[in-house]
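Chains as they are written, first to last, in our numbering: chain A, 1 to 168; chain B, 1 to 203.
The hints are simulated quantities; they were obtained by calculation from the structure and are not laboratory data.
Where a beta carbon is used, it is the ideal one built from N, C-alpha and C, also for glycine.
Where hints are given, some of them may not hold.
[Claimed, not checked] Now the in silico label distances, taken between C-beta atoms and shown as ranges: (1) A:Cys-39 with B:Gly-165: 21 to 29 Å; (2) B:Glu-130 with A:Leu-46: 55 to 63 Å; (3) B:Val-129 with A:Gly-36: 50 to 58 Å; (4) B:Phe-193 with A:Phe-34: 37 to 45 Å.
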Amino acid sequence: MIDAGSAPPSYAGLATRTLAFAIDAAVINVVAWFVGVVCALALSLLSLPKEVLTVLTAVAAFVALLWTFSYFVFFWSGNGQTPGDRMMGITVRNATTLTPLTARRAALRLVLLPLSAIPLCAGFLMILFDGRRRALHDRLARTVVIYVPATRRRRPAARQAPEELAPV
Amino acid sequence: MFTTRIPGSGAWQLARRVERGTRRRVIDRGARATLAGIDLVLASPYAEEAVQRVIDSALAERAVARALSGQLVEVVGADLVRYRVVERMFEGPALERIVEQALESPGAARMLTRVVESSVVEDATTRTVEDIIDRLRQSPALWALVDEVAQSPAVLDAIAQQSAGLADQVGDELRERSRHADDRLEHAAWRLFHRRSAGQLPT
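Given these sequences and hints, build the entire structure.
Right, here's the structure in full:
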């Protein structure tokens, strides 16, 4: 949790955010492809009519879209970090309070995100010029992306001294 | 008490004493003379030659063969076991002293060096090690031990820590480089449009 009263946050730039988004896209696609291949193999055993296959394809596309939507909303409304954000050491926060987003605001941010891409990604290039490194969808959804210290893996408890395990 | 004394008994006893003394002296001198003769024979230059001829003779060979083919070996072996000769020899301090002296001597060191450096020892060592490795490879106990060690918490902990350390290091490097790239991109855009970058603005 970022303390709003502490030192001013450092806002994440275009390169870091692009890399984090690429990592998230890779995760989303790998999972979607895996599930799609498994489902396609299972359906290949059945001789279904063409109309049914068309409907199933539409359903699969909707499920893939829902999966992508859920992925971002879930992580942004959690601690503000998708796996890609976590790897790159950034987090999405409310621009005013610097607290994690609510699910509604996270969904709004995701819905507004294509707006940044539509005018030849000009909405994303706003990151380079905005004082708080905000893209168009950040401005509209009132969010910011800030750097956070990297989260280290917890070492095995068996190696720690009993004093370290005791609650402070 | 009345005692009678036989006439001439004193003379008889005296004669016996004289006879015994004379016999003892004769035997003693004879034995001394015999020993002196043996010493003389052994010290002579011909004694060794004589012994060598006896040893080299067919008679000696036949005698030894006859003794070995007879019950002598069995009897000696049985006596060695019966009187625990070997055990006593190993248990006694004498053998230990002999071995110690032998090992401390420079000759033993030279001999050992020669033995160790010889190709025979090298070949034997190589063969032994290869044999041991082959046996270990075929031993299920070794693989069970390897599995046990590989699955031990200490080894798993060390591997996990090393993997986590490497991942952390890669992650740190990636984050640092991406942040530099952020700043560079921003500075480039700022130069392009003559604006101040976000890093220079008060937040």
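Cβ separation of Val-129 (chain B) and Gly-36 (chain A), checked against the hinted range 50 to 58 Å:
56 Å, holds
Beta-carbon spacing of Glu-130 (chain B) to Leu-46 (chain A) - inside the hinted bounds 55 to 63 Å or not
For Glu-130 (chain B) and Leu-46 (chain A) the Cβ distance comes to about 60 Å; the hint holds.
Within 37 to 45 Å or not, the Cβ separation of Phe-193 (chain B) and Phe-34 (chain A)?
44 Å, holds
Take a look at whether the Cβ-Cβ distance between Cys-39 (chain A) and Gly-165 (chain B) falls inside 21 to 29 Å.
39 Å, violated
Violated hints amount to a single one, hint 1; each of the other numbered hints is respected by the structure.
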